[in-house]
Amino acid sequence: MSAASPLGDLELIRTGALGAATAFDARADDPVLDGHYPGFPVLPGVFLIEAADRTVRQWARTHAPAPDGGDVELAAMERCRFHRPVFPGDRVLSDVSVVDSAAGLLFKAVVATNRGKVADMRLRYRVGPAHDQEESTS
Amino acid sequence: MTGYGVDRIKNTIPHRGEILLVDRVTEVVPGETLAAVKAVSGNEPCYAGLGPEAAPADYAYPVSLVIESWAQSAVLLSVWENPNPDVLAGKVELAGSINEVTVGARAYPGDVLEHRVRLVKSAGETAVLAGESYADGREVLRVGTFVVALRDVGELRPVAERTVLNV
Chain A
1 MSAASPLGDL ELIRTGALGA ATAFDARADD PVLDGHYPGF PVLPGVFLIE AADRTVRQWA
61 RTHAPAPDGG DVELAAMERC RFHRPVFPGD RVLSDVSVVD SAAGLLFKAV VATNRGKVAD
121 MRLRYRVGPA HDQEESTS
Chain B
1 MTGYGVDRIK NTIPHRGEIL LVDRVTEVVP GETLAAVKAV SGNEPCYAGL GPEAAPADYA
61 YPVSLVIESW AQSAVLLSVW ENPNPDVLAG KVELAGSINE VTVGARAYPG DVLEHRVRLV
121 KSAGETAVLA GESYADGREV LRVGTFVVAL RDVGELRPVA ERTVLNV
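Taken in sequence, the protein lines are chains A and B.
Residues 1 to 138, numbered by the UniProt record's numbering, are exactly what the first sequence covers, in order.
Residues 1 to 167, numbered by the UniProt record's numbering, are exactly what the second sequence covers, in order.
Calculated directly from the structure, the hints in this document are not laboratory data.
Heads up, the beta-carbon is just placed ideally off N, CA and C, and yes, glycines get one too.
Do not rely on the hints blindly, as some may be mistaken.
To give an idea of the chain A side of the interface with chain B (calculated C-beta under 8 Å), a few residues [said to hold, decoys possible]:
| id | residue |
| --- | --- |
| 1 | A3 |
| 2 | P6 |
| 3 | L10 |
| 4 | A28 |
| 5 | G35 |
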C-alpha cells in the first residue's frame with residue numbers, strides 16, 4: 001500500500017483469479033472514532049468503501065495490472081448499501097469478487113463483521129490512465 | 001468571511017476532530033440546496049504514512065474521504081434548521097445507501113473541494129440527496145443518490161443485538 005489512506009494495514013486473507021479478501025480491526029483507540037461520534041463511536045461508513053477499494057487495488061496489482069504500471073483506479077460506485085454500524089473492536093472482513101472484466105473491471109464487494117453483513121457495493125474501475133492525467137502535474 | 005464557519009457546522013452536525021471534513025458552508029437555501037468547501041492539506045492523517053519514496057500520485061486525496069466530506073455537506077443540508085450536534089442528546093446520522101457515484105479528477109493537498117448538494121426528497125427522518133464536488137473547476141465526484149437517516153442511539157447499541165433497519 002502506498003497511496004494515501006485513512007485506514008491502517010489490511011491483512012490479506014485470500015487472493016485468487018476471481019477476487020480477494022482482507023481484514024482489519026476497528027480499533028477502539030483510533031482517533032477517528034473520538035470524533036465519529038463523541039460518546040457513540042461508530043466507524044464511518046466510507047471506511048468500508050476504502051477497505052473494499054484497497055482490496056480490489058491490491059488484487060489488481062497481481063491479477064490485472066494497469067498498463068502504465070500504476071494501480072487501477074476507482075471510476076464509479078454503482079451502488080453501496082450500509083446494513084448496520086461497525087463498532088470499536090469489530091473485525092471487518094472485505095470480500096471482493098470480479099463480476100465483469102470486459103469493459104474496465106466491475107467488482108462486487110461484501111463487507112461483514114461477526115454480527116453479519118455490514119455493507120455491500122458494486123465498484124467499477126478504469127484500467128487505463130485516468131482521463132485527467134494529461135492535465136495533472138506529475 | 002462569507003457564509004458559515006466551523007462554529008455553525010459544529011453546532012449542526014456531531015462530527016468532530018480529524019473526521020470533521022467541512023470547513024465552511026458558503027451558501028444554503030434550507031430544504032433545497034447547500035454549497036460547502038473543504039481545504040485538503042498535506043498534514044491530514046491520511047498522509048502520515050507516506051515516506052520519501054511516495055510518488056506524486058500517492059498524494060491524491062482518498063476518494064473515501066471526498067465522499068465523506070460531500071456526505072457531511074449533505075447531512076448539514078438535511079438538518080440545517082433542526083441541528084443535531086450531539087448524538088447522545090439527539091439522534092445519530094447513519095448513511096443508508098449511496099448510489100450512482102462517479103469519480104472524476106483527483107484532488108491533492110492545496111486543493112479546495114467545493115461541494116454542491118441538493119435535497120431530492122425528505123420523508124420523516126430520512127432524506128435523499130444528490131450533488132457534485134469540484135476541485136479547481138474539475139469534477140471530482142458526482143453522487144446520484146445518498147440516503148441518510150436519523151436513528152435513536154438506543155436503537156443501535158451493539159449490546160442490544162437487535163436488527164437494524166435497512167434504509
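Worksheet item: Does the structure break any of the earlier hints, and which numbers would those be?
Response: 3, 4
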